[in-house]
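Using the sequences and the hints, build the whole thing.
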Amino acid sequence: MSEILEVNRIRCDGHGLCAELLPELISLDDWGYPIVKKGPVPDHLAELARRAVDDCPVLALRLARTPFAAGRTLR
Amino acid sequence: MELIGQTTESLATHRQRLGPLPTLPPEELIAELESSGLLGRGGAGFPVGRKWRTVAERSSGRAVVLANGAEGEPLSRKDRSLMATRPHLVVDGALLAAGAVGANDIIFYVGTEHRAAEAAMRHALAEHPADIQGRAQIVSAPPGYVSGEESAAVHFVNEGDARPTTTPPRPFDRGVGGRPTLVQNVESLALAALIARRGRDWYVDQGRRGGIGLITVSGAVKRSGVQEIALGSTLSDVAAAAGGLRGDAQAVLLGGYFGGWAEVDEQWGLPLEPRSMRARGLAHGCGVVHFLSADSCGVEATSRIMAYLASQSARQCGPCVFGLSAIADATQRLAARSAHANDLDRLVRWSGQLTGRGACHHPDGAVGLIRSSLQLFADDFAEHQRRRCLTVSRPERVAVA
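Chains as they are written, first to last, in our numbering: chain Z, 1 to 75; chain S, 1 to 401.
One or more hints might be untrue.
Stated by the list, open to error - Dumping the calculated SDA-like pairs for lysine to any residue here, alpha-carbon to alpha-carbon at most 25 angstroms:
no., chain 1, residue 1, chain 2, residue 2
1, Z, 38, S, 371
2, Z, 38, S, 352
3, S, 222, S, 236
4, Z, 38, S, 364
5, Z, 38, S, 44
6, Z, 38, S, 346
7, Z, 37, S, 322
8, Z, 38, S, 166
9, Z, 37, Z, 47
10, Z, 38, S, 236
11, Z, 38, S, 222
12, Z, 37, S, 316
13, Z, 37, S, 222
14, Z, 37, S, 236
15, Z, 37, S, 352
16, Z, 37, S, 167
What the hints assert, rightly or not - Examples of chain Z residues lying across from chain S (beta carbon under 10 angstroms, computed):
no., residue
17, 2
18, 7
19, 13
Note that these hints are calculated values from the structure, not bench results.
Source: prediction; values computed, not measured.
From the three backbone atoms N, C-alpha and C, an ideal C-beta is built for every residue, glycine too.
As structure tokens, then:
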């Protein structure tokens, strides 16, 4: 079962803890907000990903089995 | 002209012209819309029939229809023109949608600045019997680019806050009052009302690529305004119908502020039709066609648009708040020929980082615009990084509402 990391963008305050815990999958932009690598979380990183989710101070990160409903494609 | 007229059409004239509202079984109407190929006209171009089916499957008779006439796009006038002159087509479309998806309540969400449109919609509703009036209400959409975004519209009706919300839940699952909600642009509803009366064959037989639609033409043309076109009419047809170009045009903004810039010569024969445009990497969006004159600077025009889009962030998501304002500031410095050393490089990098990183698609649309601009006006941007301009001219004022 593969999971993906999702950020609740409204909740995220850019603490950056997730990128510290999981630099393999999460980097930060110039303002400290996470850029998550696309695709499922590889098995060997699943434990770290769970920890990043649990440790987010504003609970903005989650692991989901399916991506967010695709939403509108604008271009 | 099917979708716009000179004056506000009364219910009597409307019925005389088109006959009564047809009664089709929901499944039949939805199938008709699906096979018509009608795509939504609010900007995203989602297939209308499929959207209705999605809500119908979830509704259990308790869905809500939200007719979206917020029209916050600064270069668009088509929705307000439709509502102001053919309000009964919009009402018909909303009533048909309500019947097809299983909704009792109908909300007409009309941009508060579109006074004539709102008055016409109010008057149109008042011409209907009490039972229909009792099911429908008009809600004034607050000004702002994101007020018309579907989760923002639902949020405003529910809580008086026209900022987008995190999805899921999407409105079709949980929208107004927590009920499945069909959010549909008013032009899409009007077209559905025509297809319900005349059938999908009539619709697909229109024009070169099938279908009709409203567009708003502005910029370097002799007569700006809303045009009803057969889909597949070319850019050159549309310019001719606008009285021709004023002087030369170097670029055209297609699809509005969430669309992109394209070269006029290259796209002169472009069929204006969502699928053909998508195949060329262009956006029909909400049908905006804005010509940039040859003596205007593309960097300057883009700078004005980016400043506007940055100002219209709902200020909820970091990447949108900080990313868009940084992009707008760098573009503004470039336009003013006072660029910092790395502005162009940073612009390229930032514009590649924001897509998909907001609760709504505001940052996605905004970076789509800047990326098309960096591509089309690449030489201009390079010159501006050196604090020079290829088009020494007075900058065109791109209209910002």
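>> Check the structure against each numbered hint from earlier and tell me which ones fail, lowest number first.
In response: Structure breaks hints 10, 11, 13, 14, 17.
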